[in-house]
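One-letter residues, chain by chain:
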Amino acid sequence: MTARGRSPWLWAAAIAAYAFLYVPLVIVVVYSFNDSRLNAEWVGFTLDWYRRLANDSDMLAAAGNSLLIGITASLVSTVLGTMAGVAMHRYRPRLLPILVFAPIAIPEILMGVSLLIFFVLLNFTLGLVSVALAHIAFCIGFVAIVVRARLAGMDESLTEAARDCGASPANAFRYVTLPLIMPGVIAGALMAFTLSIDDFVITFFTAGAGTVTLPLLIYSMIKISVTPEVNAVSTLLMLLTLLLIVIAAKLSPTLLRSE
Amino acid sequence: MKPTAKTGRAAPAGRWLVMGPPLLYLVVFFALPALIMVVASFRSPGEFGGLAPLSDETGKLDLNVESYARFFTESVYLQVFVKSAWYATLTTLFCLLLAYPLATLIAQSPKKYRDLLLLLVILPFWSNFLIRVYAWMIILGPNAALARMVNAALGSVGLAPVSLLFSAFAVLTCLVYVHLPFMVLPLYANLEKHDRALLDAAQDLGANAWNRFWRITFPLSLPGVFAGAALVFIPALGIFAIPDILGGPDDTMIGNLIKTQFLETRDWPFGSVLSIVLTVAALVLAGLAAWVARRGARGGVGA
Numbered sequence: 001m002t003a004r005g006r007s008p009w010l011w012a013a014a015i016a017a018y019a020f021l022y023v024p025l026v027i028v029v030v031y032s033f034n035d036s037r038l039n040a041e042w043v044g045f046t047l048d049w050y051r052r053l054a055n056d057s058d059m060l061a062a063a064g065n066s067l068l069i070g071i072t073a074s075l076v077s078t079v080l081g082t083m084a085g086v087a088m089h090r091y092r093p094r095l096l097p098i099l100v101f102a103p104i105a106i107p108e109i110l111m112g113v114s115l116l117i118f119f120v121l122l123n124f125t126l127g128l129v130s131v132a133l134a135h136i137a138f139c140i141g142f143v144a145i146v147v148r149a150r151l152a153g154m155d156e157s158l159t160e161a162a163r164d165c166g167a168s169p170a171n172a173f174r175y176v177t178l179p180l181i182m183p184g185v186i187a188g189a190l191m192a193f194t195l196s197i198d199d200f201v202i203t204f205f206t207a208g209a210g211t212v213t214l215p216l217l218i219y220s221m222i223k224i225s226v227t228p229e230v231n232a233v234s235t236l237l238m239l240l241t242l243l244l245i246v247i248a249a250k251l252s253p254t255l256l257r258s259e
Numbered sequence: 001m002k003p004t005a006k007t008g009r010a011a012p013a014g015r016w017l018v019m020g021p022p023l024l025y026l027v028v029f030f031a032l033p034a035l036i037m038v039v040a041s042f043r044s045p046g047e048f049g050g051l052a053p054l055s056d057e058t059g060k061l062d063l064n065v066e067s068y069a070r071f072f073t074e075s076v077y078l079q080v081f082v083k084s085a086w087y088a089t090l091t092t093l094f095c096l097l098l099a100y101p102l103a104t105l106i107a108q109s110p111k112k113y114r115d116l117l118l119l120l121v122i123l124p125f126w127s128n129f130l131i132r133v134y135a136w137m138i139i140l141g142p143n144a145a146l147a148r149m150v151n152a153a154l155g156s157v158g159l160a161p162v163s164l165l166f167s168a169f170a171v172l173t174c175l176v177y178v179h180l181p182f183m184v185l186p187l188y189a190n191l192e193k194h195d196r197a198l199l200d201a202a203q204d205l206g207a208n209a210w211n212r213f214w215r216i217t218f219p220l221s222l223p224g225v226f227a228g229a230a231l232v233f234i235p236a237l238g239i240f241a242i243p244d245i246l247g248g249p250d251d252t253m254i255g256n257l258i259k260t261q262f263l264e265t266r267d268w269p270f271g272s273v274l275s276i277v278l279t280v281a282a283l284v285l286a287g288l289a290a291w292v293a294r295r296g297a298r299g300g301v302g303a
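Chains A and B are the protein sequences, given in the same order. Be aware that the first sequence starts at 1, since it is given in the numbering used here, and climbs by one per residue. Be aware that the second sequence starts at 1, since it is given in the numbering used here, and climbs by one per residue.
Each statement offered as a hint is correct.
Listed next, the in silico BS3-like pairs over lysine-lysine satisfying Cα-Cα at most 27 Å (straight line):
1. B:Lys193 to B:Lys111
2. A:Lys250 to B:Lys193
3. A:Lys250 to B:Lys112
Read the hints as simulated data drawn from the structure, not as lab findings.
Required output: the full structure, derived from the provided sequences and hints.
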């Protein structure tokens with residue numbers, strides 16, 4: 001075997017790793033169409049679990065909450081994250097990158113519990129607003145990474161030219177920089193929405209007793225009993241987030257390496 | 001970058017206009033809560049949970065190190081930390097074993113396929129975390145094919161049936177599953193940059209496949225290995241949902257301990273101590289990994 005040849009063992013190991021990554025997800029999807037309460041063996045095809053989902057008022061309320069939080073958190077964190085990305089690219093500050101990346105780097109549970117103490121000590125009612133505020137805090141970093149990567153690949157002299165031609169800094173940003181980094185901004189927004197709608201740990205600590213999002217509902221469902229209704233909602237959620245991420249990756253190819 | 005630096009100096013007002021809002025937001029909703037948690041770790045637990053008043057009637061501050069003392073003297077908590085570190089170590093090792101061939105294959109693939117192969121590694125990471133945990137509940141469930149096969153095999157040699165679910169096996173399998181992409185990406189980023197000429201030269205000098213790997217590829221890949229190890233070990237150390245859902249009573253990790261302190265026993269000072277110990281452990285390990293990776297990079301290139 002030459003140094004350039006790829007060993008069949010390498011292929012076998014890599015295929016096994018891909019199977020390990022995908023077989024569990026495929027099983028969840030397949031059993032969502034299974035005509036049996038037990039997620040154990042294939043009985044027959046049905047759409048019953050999806051019909052049940054559409055009539056489950058708890059599920060619809062949770063989906064509504066997740067959507068509301070996701071949209072709010074992604075809009076605000078996209079604005080703040082874009083600002084952070086631009087600031088880090090242009091001014092090379094010291095403190096900002098630490099605050100931007102730390103929430104991504106530390107275990108999620110730490111942010112969850114510290115925000116819980118924070119909100120409770122301030123007598124801030126736990127609910128939709130506290131969850132959205134928490135989500136914004138961890139989404140800013142992801143948006144900032146994507147926007148900064150986009151800026152790094154951009155020709156800064158275009159903005160300089162606009163300034164030399166008499167554009168105010170605000171106008172130079174609005175008419176030159178922003179359109180050029182827009183794919184990165186949109187990719188960041190989609191990413192933030194996905195992260196928000198998928199978040200379990202930080203939501204778990206900041207939601208309080210009365211507020212339920214989709215991941216929180218899935219958690220309580222699988223803690224009590226496993227039914228294929230969970231598979232059905234999981235399949236739909238996976239479809240949504242994977243679609244968004246593929247679009248985001250198309251808009252901003254560096255997304256693949258920044259994670 | 002010269003012209004940008006010039007813009008930065010020329011418009012200090014613009015600088016704060018751009019940097020101010022995100023900075024302010026993260027100070028309020030990240031740094032401040034973290035600071036409050038540090039203070040909380042020195043306060044006394046409240047009579048009905050939460051925190052006792054910060055100062056008594058005379059205005060004397062009630063700050064103490066009792067919660068820290070409790071952590072370091074009651075061995076049960078240190079044991080949970082050691083167990084968590086052990087699970088995180090095993091997770092890191094298994095991730096490395098699975099990720100190395102995968103990253104090697106992607107790095108050796110033709111350029112046009114690499115992005116697709118990488119995307120396939122990352123996509124599962126973007127599906128909901130709980131769904132990925134739930135998938136293992138199905139696979140390892142008592143009625144599923146895997147458990148029936150294992151128990152039939154055990155039964156044929158006269159052993160009692162085992163439960164795959166709610167076990168250390170389930171916790172570790174899912175920990176590896178969830179963190180695998182974090183190991184593949186930095187490894188790939190490193191392996192992709194290797195110069196094939198080194199391997200060809202080694203082969204010309206008579207090194208066999210194993211020697212080429214062990215004496216050239218692996219030492220050169222150490223920075224990627226350590227970066228991946230940090231990205232896997234740190235989140236794995238702090239996880240709570242996986243042992244919570246898939247583990248048995250013996251699989252308690254730090255994350256579960258923290259959750260219990262905040263949501264069940266409601267002893268916030270002690271919960272804060274556990275969180276701070278976890279943070280310090282994570283920071284020290286991240287720093288160590290960065291340091292070793294830098295050293296490894298130098299040593300590897302020099303060797």
